[in-house]
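There are 2 protein chains.
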Amino acid sequence: MSSTIPDRSRLKRIPDRASYEPADVHAILDEAPICHVGFQVGSQPFVIPTIHARMGNEVILHGAKASRLLKHAATGAPLTIAVTLLDALVLARSVFHHSMNYRSAVIFGTGRLLEGDEKMEGMRAVSEHLLAGRWDDARGPSKKEFNATSVIAVSIDEATCKSRSGPPGDEEEDYALPVWAGLLPLQQVWGPPEADPGRHADVDLPDYLKDHA
Amino acid sequence: MSSTIPDRSRLKRIPDRASYEPADVHAILDEAPICHVGFQVGSQPFVIPTIHARMGNEVILHGAKASRLLKHAATGAPLTIAVTLLDALVLARSVFHHSMNYRSAVIFGTGRLLEGDEKMEGMRAVSEHLLAGRWDDARGPSKKEFNATSVIAVSIDEATCKSRSGPPGDEEEDYALPVWAGLLPLQQVWGPPEADPGRHADVDLPDYLKDHA
Numbered sequence: 001m002s003s004t005i006p007d008r009s010r011l012k013r014i015p016d017r018a019s020y021e022p023a024d025v026h027a028i029l030d031e032a033p034i035c036h037v038g039f040q041v042g043s044q045p046f047v048i049p050t051i052h053a054r055m056g057n058e059v060i061l062h063g064a065k066a067s068r069l070l071k072h073a074a075t076g077a078p079l080t081i082a083v084t085l086l087d088a089l090v091l092a093r094s095v096f097h098h099s100m101n102y103r104s105a106v107i108f109g110t111g112r113l114l115e116g117d118e119k120m121e122g123m124r125a126v127s128e129h130l131l132a133g134r135w136d137d138a139r140g141p142s143k144k145e146f147n148a149t150s151v152i153a154v155s156i157d158e159a160t161c162k163s164r165s166g167p168p169g170d171e172e173e174d175y176a177l178p179v180w181a182g183l184l185p186l187q188q189v190w191g192p193p194e195a196d197p198g199r200h201a202d203v204d205l206p207d208y209l210k211d212h213a
Numbered sequence: 001m002s003s004t005i006p007d008r009s010r011l012k013r014i015p016d017r018a019s020y021e022p023a024d025v026h027a028i029l030d031e032a033p034i035c036h037v038g039f040q041v042g043s044q045p046f047v048i049p050t051i052h053a054r055m056g057n058e059v060i061l062h063g064a065k066a067s068r069l070l071k072h073a074a075t076g077a078p079l080t081i082a083v084t085l086l087d088a089l090v091l092a093r094s095v096f097h098h099s100m101n102y103r104s105a106v107i108f109g110t111g112r113l114l115e116g117d118e119k120m121e122g123m124r125a126v127s128e129h130l131l132a133g134r135w136d137d138a139r140g141p142s143k144k145e146f147n148a149t150s151v152i153a154v155s156i157d158e159a160t161c162k163s164r165s166g167p168p169g170d171e172e173e174d175y176a177l178p179v180w181a182g183l184l185p186l187q188q189v190w191g192p193p194e195a196d197p198g199r200h201a202d203v204d205l206p207d208y209l210k211d212h213a
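Heads up: the sequence lines are chains A and B, in that order. For the first sequence, this note's numbering begins at 1 and goes up steadily by one. For the second sequence, this note's numbering begins at 1 and goes up steadily by one.
It is worth saying that the hints were derived from the structure and are not from the lab. Hints may contain errors.
Just so you know, same-sequence chains aren't split out, so a pair can sit in one copy or run between any two.
Claimed, not checked - Simulated pairs of lysine to any residue, SDA-like, Cα-Cα distance not exceeding 25 angstroms:
#1 K143 x D30
#2 K144 x D87
#3 K71 x S43
#4 K71 x Q44
#5 K71 x G166
#6 K210 x V189
#7 K210 x S43
#8 K144 x P206
#9 K65 x Q187
#10 K71 x G109
#11 K71 x D137
Bear in mind the structure is a predicted one, so any value in this text is a computation, not a measurement.
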């Protein structure tokens, strides 16, 4: 851990679980389907779940132009984006040492509204983040749809990754207890695609979905 | 939607996806393994992922006494807790109508520090939330461990649930497009338990874990 890490990002608890490497932040952003965005209006904190994408060292958020989150983000006010991947429940011999295995990133930045080609690239990035290959297959945005959407790029000014992996860590004397200990893995998995019973339900499953079937 | 819903909780976008019923808020809290807590320090919003439990109409948070989140929550400052369950990726015929199926709750409240028996009940609730049956099996907290832990109860002063379910909703003219459309289900599933290779690894799997095996 470097002494150049600003106070708001520096992990105070169990700092050996921390990383400030952009590659670690990017990997967590790229794997997570959604993020949670925190912002403040008056004295009230808000936290909103939303889908996202990463373009370089920016996080892309998008949604309806009227969205409270996006209108606020466009002002350049401070934002915090949390991205959390859960890997396992850690079952120690003592209640105290129970934990989760996880990978998380907390990002501090500010937003800017994208326009024109950059806005279209942001929309494409969000679509491709959720399902690579989809953008070129589905009907693209009409001019009206494009104009009804806001796309924000949030700079990753500072970020902290925190993670835990591996078996439980118990007190030395507790290893002798006859308590089952170990990991209960937790996975987020895609199920098989379910075709819309609407018209044209006979369209073949596209190649980019076949891995999920 | 009732006109008595305060402005910070009232959904402005697609209000028919909203619920303000305590039973809906409780069900989402009870199912989600973790939540994201938002709070503000100075001009900086923070968002921290953490495990939780529900006791009545309060959300229980716990952790090390030194934790920034818990020290802040104990002051009674405004908190926002977001809980999000993802159910499916919604693949519409147009990019614009892509969405997620999800169930989410955003809760506004304030925290109070628990002490004594109430604190122990909070610790038990968090343990049982993660894995029912575990509390009575694992070694309970020593006096030192109990004292090193903070437990906070956050009142659910206001809450909004938002959800989406069902197939994609496309523009009428897009149903004729030869684009595969439907749902890609997303599930968070427990894998089989993995015993700690430490000592006493021969302890039988307890009954409350057999459903996961």
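For this session: Determine which of the earlier numbered hints do not hold for this structure and return their numbers in increasing order.
Result: When the structure is compared with the hints, numbers 1, 2, 5, 7, 8, 9, 11 turn out to be violated.
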